[in-house]
Structures are given as C-alpha cells and as structure tokens.
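Protein chains in written order, with my numbering: chain A, 1 to 201; chain B, 1001 to 1264.
None of these hints come from the bench; they were simulated from the model. Glycine included, every Cβ here is placed at the ideal spot set by N, Cα and C. Among the hints, erroneous ones may be present.
Over 10 Å on every C-beta distance to chain B, these chain A residues come out as not near it, computed from the model [as the list claims (entries may be wrong)]:
1. ARG32
2. THR69
3. SER146
4. ARG175
Straight line, CA to CA, 20 Å or less: simulated SDA-like cross-link-like pairs of lysine to any residue [what the hints assert, rightly or not]:
5. LYS197(A) with ARG1199(B)
6. LYS1171(B) with GLN1103(B)
7. LYS197(A) with LYS1171(B)
8. LYS37(A) with THR105(A)
9. LYS197(A) with ILE95(A)
10. LYS197(A) with ASP1224(B)
11. LYS197(A) with LEU1211(B)
12. LYS197(A) with GLU1234(B)
13. LYS180(A) with ALA150(A)
14. LYS197(A) with LEU1204(B)
15. LYS180(A) with ASP1224(B)
16. LYS1171(B) with ASP1224(B)
17. LYS180(A) with LYS197(A)
18. LYS197(A) with GLU167(A)
19. LYS197(A) with LEU1014(B)
20. LYS180(A) with ASP1009(B)
21. LYS1171(B) with SER1125(B)
22. LYS1171(B) with ARG1199(B)
23. LYS197(A) with VAL165(A)
24. LYS197(A) with PRO1004(B)
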Amino acid sequence: MENPPAVSRPELIPAQESDLPDGPDPRVWDERHLVEKARHDPEAFAELYRRHGPAVSRYLRRRIGDPETVQDLVAETFKTAWQTIARYRWRGLPIRAWLFRLATTAVTRWLRQERRHASTPWNEEPAAPSDDPDGQRDVARAALLSLPLAWQTVLSLHYLEGWSVDEVARILGCRPGTVKSRLSRGREAMRQELARKGWTS
Amino acid sequence: MSRPTDPVDQAFSLLREDSDLAMPDPQLEKQLRNPTQPRRHWRLGWVAVAVFAVSVAGTGWAAQQGLLKSWWYRIVVGETQIRGVADGPGVRVFDHELSDGTQVRIRVSRAAGPQAVSRIEVSQSNEGMETQDVEEFRRSEPTLAPRSEIADLTPLHLWKTAQGWRRLYIKQGPPGSGSEILVEALDQPDGRCVQLVGRLPPTLRSLDVSLQEQENGSLHLILDCLDESGRSLERHLEIGVPPSSPGAMRYQSPDGRVRVDVGD
Chain A
1 MENPPAVSRP
11 ELIPAQESDL
21 PDGPDPRVWD
31 ERHLVEKARH
41 DPEAFAELYR
51 RHGPAVSRYL
61 RRRIGDPETV
71 QDLVAETFKT
81 AWQTIARYRW
91 RGLPIRAWLF
101 RLATTAVTRW
111 LRQERRHAST
121 PWNEEPAAPS
131 DDPDGQRDVA
141 RAALLSLPLA
151 WQTVLSLHYL
161 EGWSVDEVAR
171 ILGCRPGTVK
181 SRLSRGREAM
191 RQELARKGWT
201 S
Chain B
1001 MSRPTDPVDQ
1011 AFSLLREDSD
1021 LAMPDPQLEK
1031 QLRNPTQPRR
1041 HWRLGWVAVA
1051 VFAVSVAGTG
1061 WAAQQGLLKS
1071 WWYRIVVGET
1081 QIRGVADGPG
1091 VRVFDHELSD
1101 GTQVRIRVSR
1111 AAGPQAVSRI
1121 EVSQSNEGME
1131 TQDVEEFRRS
1141 EPTLAPRSEI
1151 ADLTPLHLWK
1161 TAQGWRRLYI
1171 KQGPPGSGSE
1181 ILVEALDQPD
1191 GRCVQLVGRL
1201 PPTLRSLDVS
1211 LQEQENGSLH
1221 LILDCLDESG
1231 RSLERHLEIG
1241 VPPSSPGAMR
1251 YQSPDGRVRV
1261 DVGD
C-alpha cells in the first residue's frame, strides 16, 4: 500500500524574494526591515508596539471586555514578543498575525484559569437584552465567552477581526478545513446561546 | 449601514462597534503607517513613541516594566489556604463559599510598569448584600510628594515601625473627587512605597488627624472633618500593619475570615 502523502503545515512556508511583488511594496519591505531591526533594537520594537498594539488591544477587548485584564494581556503579549522575537522567522505572514497568535495564547490561558476558578455567582448572567446597546453587547460577549475556547478563538479572529479563513488557519497553525468546521459549529452554538439568553432581533 | 438580520451577525456587529469606539485617531494611525506623508499629525505619535522608546531602551525594558518580576500571594478564606507565585503582571481571581453561605471573590492583581504595583479587591455577597474592599499599593519615585499636593490642613505625621519610618498624609484630588489618605514608607531601598488606606468623600474636609498605635502594630486613625454645612464629625479608620516593602501588602477582612498577603 502506498504511504499517504505527507501533510504539510500550511503556515510554515518561508516567503521567497520571488514571492514579493515586482514593484517593491513599501509596506512589506518596511515591515520586514522593522522586524529585522526589532530583534536587537528596542526602539524598532517600540515602533512595532506602536503600530500593532492598538489592534492587539482591540482584539483582546472585544473578547474579554474588562479593560484592566485587557491591559494585562496586552502587556503579556508584548512581553512574550520581546522575549521571542529573536527566534521569529519571516514566513510571509504579517508580523501582526504572529502577534495575534501570541495574544490568542495569552487570552486562552487566561480564560482557562478563569473557568477553573469561576464556579460562582459573580459570573452572573447579564440581564436579558434590551434596546440598550451596552446591555446587548454584554449579552453578546457572555454568549461568546460561554463557547468552547477553540470556537471562540476562530469566531473572534474571523468575524470580529476580519482575518480570512486561510489567515486564521495560519495564525492558529491548523488546516483551513478545521477553521471552517469550527466556524460553522461555533456559529450554531452562538445562535443557541443567544436564543437561550433571550436575544431578540 | 443597515443592521444585520441574523442574530449571530448582530451580536458580532455590536462587539465590533464597541471596540471601534476605542480605536486611535485614524488620521494619526494613517500618518504612522505612512511616514512619507507630511508629518503634520506626527507630533502626538512621536510623543508616544518617544515615551515608549525611553522606557524600552536597553534590554532591561521588560524588567523595568515589571514584566519579569515575580511575586507571591497567600490567601486564607475560612479554612482554605491558597499559595502561589506569579511572574510579571497578571490577575488571580479566587471564588469561595464560606460555611454560612457567604460568597467571597478575591482578585489580586499586579500591574505592569513601575508606578502601579498591586491591588487586592475582596467582594463579599450574602443574601443580596454586597460589600467590597480594595487595598492598593503604588510605587513612585524616591522623592517626597510635593507639598502642593498635600492638603493644607493636614498635619504631617511621622512614626517609626520595626520596618522603618512611615508618614501619613492626605492628598487632595481634583475638585469634586474627594481626597486620598496615604501612608508612605520613607526609607525603602528601591523606591518610595505609598499605600492608599482610605478615601474621604468630596463633601468632607479634614481638619486634623490623630493616630493611635495598637498592640498588634496596626494603627487607629481618627480624622476630624467638617461636612458641607460646617458640622464637625469624626471618621475612624483602621490601618493594617504598614507595608514592609514596595509591592508587599496585606488585607484582612473585619471579621478576620479573609486574609491576603502579597509580596515580591
């Protein structure tokens, strides 16, 4: 019997010079240059933070809500980035995707801890949704946070942050098919959870 | 833009809108993304970059930010004791139910950066009644607070403990925000440690402070105050054992059933 073809992980293909557009895209070259510099130049790292910190912060805020926790997780994300950027290899994936991967790891770890400790009347259900957007948002976030972590992650990256299925797969290091399946099951679970919380269109 | 009809899309749309409110100035962001454009709007950006770059300079950045510094905590709730060590900034949350049904949530947090150090929040909830206590420690530069920040009528109180000299003062906040009662450890090797021990509402003005040291080392504080109508009244405050080092802190609930210790 023939051996099955080897499965390659989709995100681990280094970008070749020839992959880049003919006319140099200043954004790509600038970003690559900055990342190279940031390995040993704190000021360049600061510029990376300046560029991508707000996006990482928004992503975490959309998932968690609580500003203090978001601040901590942003700090943790950039701490890890600072410690590991020397080992980062340019693979044609934007640096922002790598930072989102680190942020996803940080938020997942935090949510796991929270779930372990949260048995509890303080994780109270938000009030039934009203016309008040803030109240509705709390319900929406509570519904998202009640889903399995893997589903939360793909739903957030795709629907909240606008990454494509392929990009989400590369960020998470899984296959696009896995992402599609999690998106589909996550959406359905989210729909049920919203209905359970009395969400009205 | 029309509102989506699918409930899931509605929910995500709302969550996206929430964070859109927190987005930075798009013009500034655009300028930062494209440095070849005129730098009219770069001023704020450069300030932010410069401030960050200063803090980043050198490989000690992470340590300076408190990102790598480890800290420990010990929590006693009823019969249960929890200990742990954490690296860098973070939050630890513990929920516990006491034998009488009281729900207790303890949140211990360590912020990044040299200014904010630690915070303990203890919430207790029983039959609809909820109370919350907050202990907060801050680190600041090894200089005394400017006299201008200290309420004019606050006498300076200094006393010596086993851990060193402490000073008590009241700092006026912005108009309408009340004032903070602070205890400061003066002779710490790595910076001044200021402990927020209480707050006065904006309707009260403090006239005098007296201290009584208790046998267990804690302090009983008596504040003579005036309210808005000029009536004199007393406020009493119990202060725990003064901090022995920046970042070290202790909380004990009035009934003694919850105790939290944090240290570097």
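Verification of the hints:
For ARG32(A), the requirement that its beta carbon stay farther than 10 Å from each beta carbon of chain B is met, with the minimum near 15 Å. With a least CB separation of 6 Å from chain B, THR69(A) falls inside the 10 Å interface cut-off, contrary to its annotation. With a least beta-carbon separation of about 12 Å from chain B, SER146(A) lies farther than 10 Å from that chain, consistent with its non-interface assignment. For ARG175(A), the requirement that its beta carbon stay farther than 10 Å from each beta carbon of chain B is met, with the minimum near 23 Å.
Distance hint between LYS197(A) and ARG1199(B) is unfulfilled; the C-alpha atoms sit about 39 Å from each other, more than 20 Å. Between LYS1171(B) and GLN1103(B) the CA atoms are separated by roughly 34 Å; this puts the pair beyond 20 Å, and the hint is violated. Distance restraint check for LYS197(A) and LYS1171(B): the Cα-Cα separation of roughly 46 Å exceeds the 20 Å cut-off, and the hinted pair is therefore not satisfied. Of the supplied pair hints, the one linking LYS37(A) and THR105(A) is violated, its CA atoms being roughly 25 Å apart against a limit of 20 Å.
Our distance criterion of 20 Å between C-alpha atoms is broken by LYS197(A) and ILE95(A), whose separation comes to about 38 Å. A hinted pair counts as satisfied when its Cα atoms are at most 20 Å apart, and LYS197(A) with ASP1224(B) does not qualify at roughly 51 Å. With a CA separation close to 53 Å, the supplied pair LYS197(A) and LEU1211(B) exceeds the 20 Å bound. As the CA atoms of LYS197(A) and GLU1234(B) are separated by approximately 48 Å, the hinted pair breaks the 20 Å bound.
Between the alpha carbons of LYS180(A) and ALA150(A) the distance comes to roughly 12 Å, so the proposed pair stays at or under 20 Å and holds. Distance hint between LYS197(A) and LEU1204(B) is unfulfilled; the C-alpha atoms sit about 44 Å from each other, more than 20 Å. Under the criterion of a C-alpha separation no larger than 20 Å, the hint pairing LYS180(A) with ASP1224(B) is inconsistent with the structure, at around 67 Å. For the hint linking LYS1171(B) to ASP1224(B), the alpha-carbon distance of about 15 Å falls within 20 Å, and the restraint holds.
Distance hint between LYS180(A) and LYS197(A) is unfulfilled; the C-alpha atoms sit about 26 Å from each other, more than 20 Å. A C-alpha spacing of about 32 Å is found between LYS197(A) and GLU167(A), which places the hinted pair above 20 Å, so the restraint is violated. Restraint check: the Cα-Cα separation between LYS197(A) and LEU1014(B) comes to about 16 Å, which is no more than 20 Å; the hinted pair holds. A distance of roughly 16 Å separates the Cα atoms of LYS180(A) and ASP1009(B); the hinted pair therefore holds under the 20 Å criterion.
Taking the CA atoms of LYS1171(B) and SER1125(B), the gap is about 31 Å. The hint is violated against a cut of 20 Å. At most 20 Å may separate the alpha-carbon atoms for a hinted pair to count; LYS1171(B) and ARG1199(B) meet this at roughly 9 Å. A hinted pair counts as satisfied when its Cα atoms are at most 20 Å apart, and LYS197(A) with VAL165(A) does not qualify at roughly 28 Å. For the given pair, LYS197(A) sits about 19 Å from PRO1004(B) by alpha-carbon distance, which is consistent with the 20 Å threshold.
The structure is inconsistent with the numbered hints 2, 5, 6, 7, 8, 9, 10, 11, 12, 14, 15, 17, 18, 21, 23, although it conforms to all the rest.
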